[in-house]
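2 protein chains.
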Amino acid sequence: MNCELISVGTEILLGDILNSNVQFLSKELASLGINVMRHTTVGDNEARLLKALDDAFESCQAVILTGGLGPTPDDLTKETCCRYFSIDLREDGEILRKIESYFRLKNIDPMPQCNKKQALVPTVGRVLENNNGTAPGFILEKDEKIIVILPGPPKEMIPMYRESVKPYLKQFTNEVIVSHNIRTFGIGESYMSEKVEDLLDGSNPTVAPYAKSGEALLRVTAKAASEKEAEELMKPVIDEIKTRLGNSIYGIDSASIEQTVVELLKNRQQTAAFAESCTGGLCAKRITDISGASEVFHCGIVSYSNDIKHSVLGVKQETLDRFTAVSAETAREMAEGARKLADADYGISLTGYAGPGYEEDVGLIYIAVADKNETVVKKLLTGHRGNNCRDYNRHVAASNAFNQLRLAILKNDK
Amino acid sequence: MNCELISVGTEILLGDILNSNVQFLSKELASLGINVMRHTTVGDNEARLLKALDDAFESCQAVILTGGLGPTPDDLTKETCCRYFSIDLREDGEILRKIESYFRLKNIDPMPQCNKKQALVPTVGRVLENNNGTAPGFILEKDEKIIVILPGPPKEMIPMYRESVKPYLKQFTNEVIVSHNIRTFGIGESYMSEKVEDLLDGSNPTVAPYAKSGEALLRVTAKAASEKEAEELMKPVIDEIKTRLGNSIYGIDSASIEQTVVELLKNRQQTAAFAESCTGGLCAKRITDISGASEVFHCGIVSYSNDIKHSVLGVKQETLDRFTAVSAETAREMAEGARKLADADYGISLTGYAGPGYEEDVGLIYIAVADKNETVVKKLLTGHRGNNCRDYNRHVAASNAFNQLRLAILKNDK
Numbered sequence: 000m001n002c003e004l005i006s007v008g009t010e011i012l013l014g015d016i017l018n019s020n021v022q023f024l025s026k027e028l029a030s031l032g033i034n035v036m037r038h039t040t041v042g043d044n045e046a047r048l049l050k051a052l053d054d055a056f057e058s059c060q061a062v063i064l065t066g067g068l069g070p071t072p073d074d075l076t077k078e079t080c081c082r083y084f085s086i087d088l089r090e091d092g093e094i095l096r097k098i099e100s101y102f103r104l105k106n107i108d109p110m111p112q113c114n115k116k117q118a119l120v121p122t123v124g125r126v127l128e129n130n131n132g133t134a135p136g137f138i139l140e141k142d143e144k145i146i147v148i149l150p151g152p153p154k155e156m157i158p159m160y161r162e163s164v165k166p167y168l169k170q171f172t173n174e175v176i177v178s179h180n181i182r183t184f185g186i187g188e189s190y191m192s193e194k195v196e197d198l199l200d201g202s203n204p205t206v207a208p209y210a211k212s213g214e215a216l217l218r219v220t221a222k223a224a225s226e227k228e229a230e231e232l233m234k235p236v237i238d239e240i241k242t243r244l245g246n247s248i249y250g251i252d253s254a255s256i257e258q259t260v261v262e263l264l265k266n267r268q269q270t271a272a273f274a275e276s277c278t279g280g281l282c283a284k285r286i287t288d289i290s291g292a293s294e295v296f297h298c299g300i301v302s303y304s305n306d307i308k309h310s311v312l313g314v315k316q317e318t319l320d321r322f323t324a325v326s327a328e329t330a331r332e333m334a335e336g337a338r339k340l341a342d343a344d345y346g347i348s349l350t351g352y353a354g355p356g357y358e359e360d361v362g363l364i365y366i367a368v369a370d371k372n373e374t375v376v377k378k379l380l381t382g383h384r385g386n387n388c389r390d391y392n393r394h395v396a397a398s399n400a401f402n403q404l405r406l407a408i409l410k411n412d413k
Numbered sequence: 000m001n002c003e004l005i006s007v008g009t010e011i012l013l014g015d016i017l018n019s020n021v022q023f024l025s026k027e028l029a030s031l032g033i034n035v036m037r038h039t040t041v042g043d044n045e046a047r048l049l050k051a052l053d054d055a056f057e058s059c060q061a062v063i064l065t066g067g068l069g070p071t072p073d074d075l076t077k078e079t080c081c082r083y084f085s086i087d088l089r090e091d092g093e094i095l096r097k098i099e100s101y102f103r104l105k106n107i108d109p110m111p112q113c114n115k116k117q118a119l120v121p122t123v124g125r126v127l128e129n130n131n132g133t134a135p136g137f138i139l140e141k142d143e144k145i146i147v148i149l150p151g152p153p154k155e156m157i158p159m160y161r162e163s164v165k166p167y168l169k170q171f172t173n174e175v176i177v178s179h180n181i182r183t184f185g186i187g188e189s190y191m192s193e194k195v196e197d198l199l200d201g202s203n204p205t206v207a208p209y210a211k212s213g214e215a216l217l218r219v220t221a222k223a224a225s226e227k228e229a230e231e232l233m234k235p236v237i238d239e240i241k242t243r244l245g246n247s248i249y250g251i252d253s254a255s256i257e258q259t260v261v262e263l264l265k266n267r268q269q270t271a272a273f274a275e276s277c278t279g280g281l282c283a284k285r286i287t288d289i290s291g292a293s294e295v296f297h298c299g300i301v302s303y304s305n306d307i308k309h310s311v312l313g314v315k316q317e318t319l320d321r322f323t324a325v326s327a328e329t330a331r332e333m334a335e336g337a338r339k340l341a342d343a344d345y346g347i348s349l350t351g352y353a354g355p356g357y358e359e360d361v362g363l364i365y366i367a368v369a370d371k372n373e374t375v376v377k378k379l380l381t382g383h384r385g386n387n388c389r390d391y392n393r394h395v396a397a398s399n400a401f402n403q404l405r406l407a408i409l410k411n412d413k
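Protein chains in written order, with numbering that gives the first Met the number 0: chain A, 0 to 413; chain B, 0 to 413.
Looking at chain A on its own, in the form it has when it is part of the complex:
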């Protein structure tokens, strides 16, 4: 089945809202084997919405709309879709009472009159209950065409989709689509793609390369009648990719490199401590984004000045004076200091120039990983300078530190 997503709302066209609904729905539909052909966003405007519906049904059997179900006069998604299918609207007493009680629950009594509008429902079609707001959703069918109408706020839309729409859509799909993300680090998208170029032409499973914030991944996707069949189709391809990319792969379907690192440490009951200068706490933040990180992470030091590098981490004043704060020598002593201070298995440090700026040092970062055997220091050149390089440089530096830690853990397994 082919489907189009139409978002309705002038506020989206004005840039007031980041439209996350389409991402959620696209993922969900992909997992059902429903092809999303297009995303369209139009304002709260009847003519343009009617045009969008026409365009959508040229290539799709189903259209899912979000937004424009509010109580104000400019909300006209429901009315317009009913006009498109020539379906009338009637006031539903039960829904009206539900909306009224919703307001009483919020100590708003009487209910604002404009909300009565939300109790108007199509005379044919299905009404979808809204357990998180006042606007019900709808499923309309006519001449083999399907229109699904959902409220705009994600906290209303997402549960409504899960409770009512997903079960409804399942009847139209007789295949499943399963994907696996093979996530790599340290090789660019281009190099990764060249290594597996011949595999990129397959039709089922497909292999597609993606690059994002300093990482490259391969998505392997298979269509089949069952999940088991899909997995069987993918296994040989994934195995082949594993042999070709080896250690550059940090995880399959891992949420992130820090997720992988936390799991590696957990399985070995080991801990890591971070000493951060240029990343200013980003490594600590990212590792503690992961629920349960407390098992493997006890201590992070953000030593943003030389004094703190010396007084808290024990970097020798002489080292700072002779080599400066951004040097392999300082990185080494920071990592060893953090490991000692926290009595951790691994000490990781980062010191460098995140920018912004165009000076040639911007993007130069030293990363050290200290364990019981040795301290390895690496010099990273992000290649990013200018006004907007700071976030990128910090993110990539942190990711590289996690990857360097990952490789050290694996090395110690041998």
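There could be a bad hint or two in this list.
No distinction is drawn between identical chains; accordingly, a pair holds when it is met within one copy or between any pair of copies.
[Stated by the list, open to error] PhoX-like mimics (lysine-lysine), calculated; alpha carbons at most 20 Å apart, straight line:
{"hint": "1", "residue 1": "Lys194", "residue 2": "Lys115"}
{"hint": "2", "residue 1": "Lys154", "residue 2": "Lys211"}
{"hint": "3", "residue 1": "Lys211", "residue 2": "Lys50"}
{"hint": "4", "residue 1": "Lys50", "residue 2": "Lys378"}
{"hint": "5", "residue 1": "Lys413", "residue 2": "Lys115"}
{"hint": "6", "residue 1": "Lys116", "residue 2": "Lys194"}
{"hint": "7", "residue 1": "Lys410", "residue 2": "Lys241"}
{"hint": "8", "residue 1": "Lys169", "residue 2": "Lys222"}
If you are wondering where the hints come from, they were derived from the structure by calculation, not from laboratory data.
Given chain A, work out where chain B should sit, using these hints.
Relative to chain A, chain B alone:
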């Protein structure tokens, strides 16, 4: 002028990417008085992209495309747009050298062959330099139609838009729209709106309330022939809002509460040190997101275990045993310990339960700010529990810590 935004990328239709580009571009175009009629997302598919261009030019003079400029064969935005305008492509030696040097800067030499593709440019039209990546952008004009092509990654697209596209588009607009964001903390959207209710009905300037991740802001927007005129229209309204909301306003057009805090400290040549438990480095990360934070921030301690709270921050073992790590008493000693350790003017601490989980303690966070006179401890209840509360609770806790620090700084001015 009417404009449509077309995002190109199968990964967007699959839900792999949250499309933030359209929000950025929509805001920018609105500020130029350019009407965004529609957002459309299509996959990396020539036929559908050609159709999208046709549809767009039915109602628009300009189309801005993002994405599909990568080095891999499935990237075809440039090629398709040139076909649409029947423009040929040629290899540009200078751009090729620029891409090659970009890879050398990253210690990747020789450049992957597929990147040569990115040096192909239209034989007519303007090439937009990419200072943050390898793919140049383009402006193509034909028969009063305009196509602007930008790379997909925001870190490349945004600067390219600001450097090349915005100046180009200005020639098509004869009015300016200027906005100011009055940012508040500690009062909800409803309360804020009530305080200024009578001002929300204005037409020029308009005043609109927004709420986002625990903050509420008022956006004042004016249309005029010149920026100066627009500012004059807004001044009295902004002054009135200032008197009504007072200290709840932490900044006008301030990028964030941490931005405001860094400026307050800079102006007073003071420093702050952070001791973080539940936020795990988020405060340090957010303050060091700001370039130049090193003047006011020297030290952050992420004390994720009791041992570190005791050994590094000097929290008494007795306090931890008697009151536990999540208590006003521990927060107090953490803040005082951080202040002492870093020899800073202010010590700020956070300890609490970020979740995930439904236990009643989730969302309980103690925040302490210590200065030379006193240590103030506040108890925060975010009211957020469940599976997805962690990010929100961490973010809101950090924001509250910054605001508590802001109020302490202002208090010490008296």
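Each hint tested on the structure:
1. Lys194 <-> Lys115: between (59 Å within a copy, 17 Å between copies)
2. Lys154 <-> Lys211: between (23 Å within a copy, 11 Å between copies)
3. Lys211 <-> Lys50: neither (35 Å within a copy, 28 Å between copies)
4. Lys50 <-> Lys378: neither (56 Å within a copy, 48 Å between copies)
5. Lys413 <-> Lys115: Neither: 63 Å inside a copy, 40 Å across copies.
6. Lys116 <-> Lys194: Only across copies: Lys116 and Lys194 sit 18 Å apart there, 57 Å inside one copy, limit 20 Å.
7. Lys410 <-> Lys241: Within one copy only: 18 Å inside a chain, 60 Å across chains, cut-off 20 Å.
8. Lys169 <-> Lys222: within (15 Å within a copy, 48 Å between copies)
Violated hints, listed in ascending order, are 3, 4 and 5; each of the other numbered hints is respected by the structure.
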